[in-house]
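**Q** One-letter residues, chain by chain:
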Amino acid sequence: MIVSTGLACGLLVGGFILLVLLRVPVAFALGLATIPVVLMDLRLTPFIVLDRMFQSYNSFILLAVPFFLLAANLMNSGKITDKLIDLARVLTGWMPGGLGHVNVAVSMLFAGISGSSTADAAGCGKILIPAMVREGYDRRFAIAITACSSVMGVIIPPSILMVVWGGVMQTSVGALFLAGAIPGIMIGLALMATVYGYAKVYNYPIIGVPTFRDIIAAFKGSFLAMLTPVFVVGGIVGGIVTPTESAIIAAIYSLLLGMFVYRTVTVRELGQIFYETGRFASISLFAIGTATAFGWLLAFYNVPRLIVAGMTSLEFGYFGTALVIAALFLFFGLFIDAIPTIIILGTVLMPVAAAADIHPIAFAIIGIVALAFGLVTPPYGLCLLISASIGGMNIVHVMKDVMIILLPMLLILLLIIVFPEIALWLPGWLMPQSVQ
Amino acid sequence: MIKNMLDGISLVLRVLLGILIAALSVPVAMQVIARYTGIIPVYLWTEELAGFLFVWVVMIGSMLAVWDGTHFDVRVMPDAERPLMRLLQNGLVHVLIMGFGLIFLWYGVEYAKFGTIQHSLMMRANMIITFISVPIAGAFWALFAGYRLFEEVEVYRTTRSVVK
Amino acid sequence: EAITLRGASMFDEDHTFTKTFRKFEELVQENYDGEVIFDLRLNSELGVEKDYVTFLQQGVAIDYTIIAPSNMAIMAPSIPLMDMPFLFRDLEHWDAVLSSKTLTSLEDELMEKADIKIIGYTGGGVRNLVANKPIKNMEDLAGHKMRVMGAPIQAQVFAAFNASPAAIAYNEVYNAIQTGVISGLENEAAGVENLKFYEVAPYISQTAHTITVRPIVMSGKTFRKLPEDLQAAVLKAGADAATFGRELESTQDGIILKKMADAGQINLIEFEDRDQLLELVVPVQDAYAAELGATELLEAIRATK
Ligand code: NA
Ligand code: NA
Chain A
1 MIVSTGLACG
11 LLVGGFILLV
21 LLRVPVAFAL
31 GLATIPVVLM
41 DLRLTPFIVL
51 DRMFQSYNSF
61 ILLAVPFFLL
71 AANLMNSGKI
81 TDKLIDLARV
91 LTGWMPGGLG
101 HVNVAVSMLF
111 AGISGSSTAD
121 AAGCGKILIP
131 AMVREGYDRR
141 FAIAITACSS
151 VMGVIIPPSI
161 LMVVWGGVMQ
171 TSVGALFLAG
181 AIPGIMIGLA
191 LMATVYGYAK
201 VYNYPIIGVP
211 TFRDIIAAFK
221 GSFLAMLTPV
231 FVVGGIVGGI
241 VTPTESAIIA
251 AIYSLLLGMF
261 VYRTVTVREL
271 GQIFYETGRF
281 ASISLFAIGT
291 ATAFGWLLAF
301 YNVPRLIVAG
311 MTSLEFGYFG
321 TALVIAALFL
331 FFGLFIDAIP
341 TIIILGTVLM
351 PVAAAADIHP
361 IAFAIIGIVA
371 LAFGLVTPPY
381 GLCLLISASI
391 GGMNIVHVMK
401 DVMIILLPML
411 LILLLIIVFP
421 EIALWLPGWL
431 MPQSVQ
Chain B
1 MIKNMLDGIS
11 LVLRVLLGIL
21 IAALSVPVAM
31 QVIARYTGII
41 PVYLWTEELA
51 GFLFVWVVMI
61 GSMLAVWDGT
71 HFDVRVMPDA
81 ERPLMRLLQN
91 GLVHVLIMGF
101 GLIFLWYGVE
111 YAKFGTIQHS
121 LMMRANMIIT
131 FISVPIAGAF
141 WALFAGYRLF
151 EEVEVYRTTR
161 SVVK
Chain C
1 EAITLRGASM
11 FDEDHTFTKT
21 FRKFEELVQE
31 NYDGEVIFDL
41 RLNSELGVEK
51 DYVTFLQQGV
61 AIDYTIIAPS
71 NMAIMAPSIP
81 LMDMPFLFRD
91 LEHWDAVLSS
101 KTLTSLEDEL
111 MEKADIKIIG
121 YTGGGVRNLV
131 ANKPIKNMED
141 LAGHKMRVMG
151 APIQAQVFAA
161 FNASPAAIAY
171 NEVYNAIQTG
181 VISGLENEAA
191 GVENLKFYEV
201 APYISQTAHT
211 ITVRPIVMSG
221 KTFRKLPEDL
231 QAAVLKAGAD
241 AATFGRELES
251 TQDGIILKKM
261 ADAGQINLIE
271 FEDRDQLLEL
281 VVPVQDAYAA
291 ELGATELLEA
301 IRATK
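Chains as they are written, first to last, in my numbering: chain A, 1 to 436; chain B, 1 to 164; chain C, 1 to 305.
Hint data in this document are derived by calculation from the structure and do not stem from the laboratory.
Derived pair list, reagent style DSS-like, types lysine-lysine, alpha-carbon separation capped at 25 Å:
1. K50/C - K225/C
2. K101/C - K23/C
3. K196/C - K136/C
4. K79/A - K126/A
5. K113/C - K113/B
6. K133/C - K258/C
7. K236/C - K19/C
8. K133/C - K145/C
9. K113/B - K221/C
10. K50/C - K113/B
11. K225/C - K113/B
12. K136/C - K259/C
Next comes chain A alone, as it looks inside the complex (with noise of 0.2 Å):
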């Protein structure tokens, strides 16, 4: 039979959200739902659902994870991440709230230096978490801040949704890295405004005033790894590497670090760092698989087309357009992994964007910005998943403090969408013929 596209789009998300409050895993549950549509219509087969979904990792641009990631790992394992967070009591200890603050600081530095937020939630929680419930703070607060705070690693440059973004529309990877600073730091200072609202509520305490002996030690252990993203970002913006390199060029620059500078990787640590970098690495690429088969799907009955259409034909305008963009980002963020639906949705949005007059680069950080909630929102939100089971706390325990704190996130979002400027400005002060 031709399967009809209400008929396939019930299927493919009602049995999508039912497989997953079934508790399939979330990448079984997308490649699981597409079963019924391909069987029964008479134009697809399964056959199509392994192929979109083994051709999707047949990306140059993909390669960029794995090799983001393992920087990451080796920055966790080689006790850089120690030194950044060393680094960030200095900065933040002393105010109320402390370690809190820490927590946030610490993933504004780490995201300067990896392009993944999944690692910080993980290298980072690892440590912050249990030591923010020893020192007597709410178990849930912890592991929402440091699940909010750690989306700050694809908006801070450099950032691996910014590389798959500007590969899949054609938009320069080193405007979009500018331009995701100036956002990426607002988002910790509106993060760190809500720990201290949460500490002078909570009466959480401050970790103690640094000396100037301990700041001093602070910056000379944690500069070479701050060089980091003088490279990376520096590279790519300076015209010398493309974003996969630059992952490679971290990667390796990590390596060095951990093994023969700090001296705290040794051989025998390496291998299980490259096998627990391909273990997290294939766990989130393998979900980009079963989710771009799902979205070749809706793509195929129609599915974005019908809400693009809609949404042009109600002629929001530069603001209500842009909201609406937020908003989509938003809602699909809830259920698929990032990287496919700046595939999907992405490029449906764009001629809609560019109808509205929203700049290509503005709509990216707006659209990297939503997505970037997409990972601390349930049913599939990959960082909180990851906070919440270092916690030891099922995320629905956790998803009152995580509202809040979205909460002034939310604002600088919707600041973005009333002054584009905010992200704008910096490429086009250093990459001004990238922004014309």
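Add chains B and C with the ligands to chain A, keeping to what the hints say.
**A** Relative to chain A, chains B and C with the ligands alone:
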């Protein structure tokens, strides 16, 4: 006995996965070195080789994650308390993964055959070298999920006899 | 009952391929008495050309499309021959070959190895060097880092010109030029305009090394299922739409180039040593054809008047 064998298989897969990630760095690093230093020529096959290794990383990683139970799931429903309900709750997931694995195995054999009629452009490699990962992954998902299902049934049987 | 045929394209409604598809739809309706519904999917909605090859071979998802020969090389290694640099002397030669039965052996190979049926040849874009610096002669070309299409023959030809070819994915080219990983590519005017390559590589050196051949293709599995009179209508419409498309693109190409030059987006550079390229390419073409056992075909193309 079977458990030991499957643990052995998963250990081999773990070692392979680590080696593949390390190996993946080689062609990409070679590209960078070739481009900036000229010490070695720009090889066109490096990108192709990286692609092959990458596919295997993802597929082997997905098999291991089924064995370890580390694919991300979302726990909206509370944990079942009664043994039978728990068997149903956990068992159903394993059955569904097994089913997906069997579909991948069944159609994957066709897919691998489809790979044999393709040759990579630079190395002229028969594409079965990556396409075969699809039915293999399917087989291992089914095998690993099948054993986990068996374990759930065992747990159910022992808890039920204890209750009696 | 109405028959639905689904097409796919990587481009938007304004692209010559899309206009060719629309012509094809119109002509099939004209030539066939029954009812046919066309469902053309644009903007890479269902994937890129490489994916279409798989779909057509398997007879799933789509029924017809237009694919660059290099993208079919993975299943039929001889196909890129029809698109290799300096195969055609000029537009007349190109048109004469495509209007004749010369390429039948390649069509048979594609049918046999990939179950893909060629129903017409469109194309007609002239490919030139697109670079971030003026390339005027052989000296400028030496060591010039440029992106070529994936088929090995493309890299072989430009290596023979002493350039430094790299097979970078099409969707990474813009960033690769901007970041200085490569200094240019080779492309037709429509591609330069569509993907805004002029922003990073505004110098067009007029080597005119390739006149593009873009087969309109249908899945063999789809074609065999069609009623006979529809098959005939599809073949006729395919051939006629192809003629329409060739005329459109070959005239459009010069217009687009002029438009970009007038707008100051590109600088047209005369390439002084084109004769040397013509000489250097012959042994590469010969060796490639010999390797494929297609020497006779190459001779036949060259001999076409
Ligand atoms: Na980052
Ligand atoms: Na954090």
